[in-house]
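A.B. asks: Here is how the chains run, residue by residue.
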Amino acid sequence: MADKCLIEPDLSFIKQVVGLGGDTLKKCFQCATCSVVCPIAPENKPFPRKEMIAASWGLKDKLIGSMDIWLCHNCGDCTTMCPRGAKPGDVLGAVRSYAISEYAVPKFIGKAVNDPKKLPVLLGLPVVVFLVLGFITGLLDFTPGGDKIVHSNFFSSWLVDLIFVPLAAWVAVVFGIGLKRFVNDMHENAVLEGKTDKKKLEIGGLIRGLFSVIPTILKHSKFSECGENKDRATAHLMVFYSFIGLFIVTNIFFVVLYVFQIHGPYSQMNPVKWLANVSGIALIIGSALMIKNRMAKTDQVTSYKDWYLLILVLGLGVTGMLTEMTRLAGIAGLSYALYFIHLMFVFHLFIFLPFSKLAHLVYRTVAMAYGEYGKR
Amino acid sequence: MTEDKAAPVSGSILVVGGGISGLTTALEAAEVGYEVFLVEKNPYLGGRVAQLNQYFPKLCPPTCGLEINFRRIKDNPRIKVLTLGEVEKVDGTPGNYDVTIKLNPRFVNEDCTACNECVDVCPVERNNEFNFNIDKTKAIYRPFEMSFPMRYVIDSSVCKGSECNKCVEACKYNAIDLNAEAKIINLNVGAIVWATGWEPYDAAKIDNLGFGKHQNIITNMMMERLAAPNGPTKGKILRPSDNKAPESIAFVQCAGSRDENHLPYCSYICCMASLKQTTYIRAQYPDAKVYIFYIDVRAPGQRYEKFYKQIKEDKNVFLIKGKVAEVSEDPGSGNITVVAENAVTGEKIRQEAEMVVLATGMQPTTKDVKLPADLKYNDDGFIINDFEKGGMFAAGCANKPADVVSSNQNATGMALKAIQTLVRK
Chain A
1 MADKCLIEPD LSFIKQVVGL GGDTLKKCFQ CATCSVVCPI APENKPFPRK EMIAASWGLK
61 DKLIGSMDIW LCHNCGDCTT MCPRGAKPGD VLGAVRSYAI SEYAVPKFIG KAVNDPKKLP
121 VLLGLPVVVF LVLGFITGLL DFTPGGDKIV HSNFFSSWLV DLIFVPLAAW VAVVFGIGLK
181 RFVNDMHENA VLEGKTDKKK LEIGGLIRGL FSVIPTILKH SKFSECGENK DRATAHLMVF
241 YSFIGLFIVT NIFFVVLYVF QIHGPYSQMN PVKWLANVSG IALIIGSALM IKNRMAKTDQ
301 VTSYKDWYLL ILVLGLGVTG MLTEMTRLAG IAGLSYALYF IHLMFVFHLF IFLPFSKLAH
361 LVYRTVAMAY GEYGKR
Chain B
1 MTEDKAAPVS GSILVVGGGI SGLTTALEAA EVGYEVFLVE KNPYLGGRVA QLNQYFPKLC
61 PPTCGLEINF RRIKDNPRIK VLTLGEVEKV DGTPGNYDVT IKLNPRFVNE DCTACNECVD
121 VCPVERNNEF NFNIDKTKAI YRPFEMSFPM RYVIDSSVCK GSECNKCVEA CKYNAIDLNA
181 EAKIINLNVG AIVWATGWEP YDAAKIDNLG FGKHQNIITN MMMERLAAPN GPTKGKILRP
241 SDNKAPESIA FVQCAGSRDE NHLPYCSYIC CMASLKQTTY IRAQYPDAKV YIFYIDVRAP
301 GQRYEKFYKQ IKEDKNVFLI KGKVAEVSED PGSGNITVVA ENAVTGEKIR QEAEMVVLAT
361 GMQPTTKDVK LPADLKYNDD GFIINDFEKG GMFAAGCANK PADVVSSNQN ATGMALKAIQ
421 TLVRK
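Residue numbers (the working numbering), protein chains in the order written: chain A, 1 to 376; chain B, 1 to 425.
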């Protein structure tokens, strides 16, 4: 221990991690049980013991740029076996949440997403955007009429795309900026802590790493190595595939609309509709299961950030399916109202994607890709 | 003063538990002139200390100190020892307690000369719990060489009784009565000291440490018996699976202690016990390697710290900061691999050892079954001393996890507390 090291604790970081669900942090006495019982921690510099002390010392920079916080899948084995009730799984979840709001610019949005007091403002935002843009462009028609319920007669597809295409671009830009910093930090941290054999970061190698982790992600094979929270893998897998399904459906719909000029709604006999329906149902069941698991696990901390995402995902599925069902049942007013609410959920999903817990889909994927590339 | 109105104060003290704390309380009170009843549930005195090979840090055998205490008891007419006794009921107030005690039969009277002829003819065996069931004794047995009182005893749960009768026939001194029955006695005492002691935490409850699943994983108290000259291996430290002299031994500290899932508190003695046991191994096997996995080494006070420093200097002793959280057995060799993270270097360590010792902690005997008296306990089952109320006190490990030195100091203090109750001061 010849090297002198001046610890510079970031006290506000500690406070925020505690607020984001890491309130048991200070109970840790560094016995390292967690690092041993973790089914997915590597042999060299395993987690989460070192993350626990770094978090409790307020070493923010050491943590948020670490790939290890993302390699953790919150199995919960560490929390179960912890002799102090320090819940490392939840602490790492809180650190991840902090890291997301640290990398996503502008930062105030991330803060707002994690702050329950800001929820009314965030909920009001899509309403204002929809109404203002709708009235300016005249693409929002509150008296769509007609004997068939066609949602685009009420909320024009043009208006949808006028809002959501720029939002998609926004998501890409915010993630792009965040990832650039994240990848560099991650590499620097890995070199410093001897977690990689690569000296210089090569983007080509990272992309190759990305391709080789795709099967792991698709199969959720890391998840199923978990002991304590194994049952969570099923629910997560359902939500994961339903998002992929709905992403495909949306893209097909988009192409068909603009290239072939064919408008929805599609017939129930259309295979695209089948995919949409199956995905919608899987989304509802998956997110409901997640909520059920969360409620059953009383030893696991479920904070606002978790509930925000869970309700968002469940709401997305429920409003989507109800919109379709009321349309088929011919209840026009209710169906249009549900569609409006559904679009509010979609708006939230898009605009806050890089800022909410859902951003893990990008950060964890990239961290896993880096782990693969850097031979973690 | 209220003394005139007070109930008459009994002049006797009851000490419950004949381990090192109970012996000390009884002797200290008796040697200043008070009448003492010492009740012990086992057929012998000495308690957990009798099972130890050596004390730390002086590394002297406890039998030596026990022998002196037994001598003091023999010489002191004021101490009445009641072995195989259990307190069934306590009524009354400080200065005046009515106590009901059940005395279980020993089946062997004071004419026993410990000639051992009964053992030779006895056809039944029992697990020897004094040696943590590593070996067996006959149904009639002497608890250990030094046991006091020096009389044999019959385990009625396995003895075939008068239909067998072989021991009765073999005994030249008419010392055996197979029809003896339990007796109930009543005592009136002025104060009670509870020195009910501790038991090793059940290592089988610690799922991830493999005790009971893998033969070569033993507890620290089993190690004491293996190392003790009067133990099952006559003092040779041999591993259970094949009686091999182990060339490498790993100690797992805090096995069930400082753990909310088991014993939430520090058991105080296990670090020193493992360091002490390291000296047993190093003395017997000059080339053996010892690995001690710990969270923190707690060697409190100057003398213990010095002892720890001495052990650390041994080149064959490796102290690794990191709790063992996983074990596995190599089915061929019976060797055990323990897994820990070295919290200093951040490396995951898989250390193979020929034998593993779990440094299990102490839990009070009052953890699950409470005593039949008006006592308060903390969440862990230790007796809380209520000095305001007085009359009844807990000494030694009935009150908190402690080493022998602290237990004796505490026991002496409780003798004084008991005396104060008697003299109403």
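Honestly, the hints are just simulated from the structure, not real lab data. Heads up, some of the hints might be wrong.
Stated by the list, open to error - DMTMM-like, lysine to aspartate or glutamate: derived pairs with alpha carbons at most 20 Å apart:
#1 A/Lys62 with B/Glu260
#2 A/Lys375 with B/Glu347
#3 A/Lys27 with B/Glu260
#4 A/Lys107 with A/Asp141
A.B. asks: Run every hint past the structure and note whether it holds.
C.D. replies: Evaluated hints:
no. : hint                   : result
1   : A/Lys62 with B/Glu260  : violated, 29 Å
2   : A/Lys375 with B/Glu347 : holds, 16 Å
3   : A/Lys27 with B/Glu260  : holds, 11 Å
4   : A/Lys107 with A/Asp141 : violated, 36 Å
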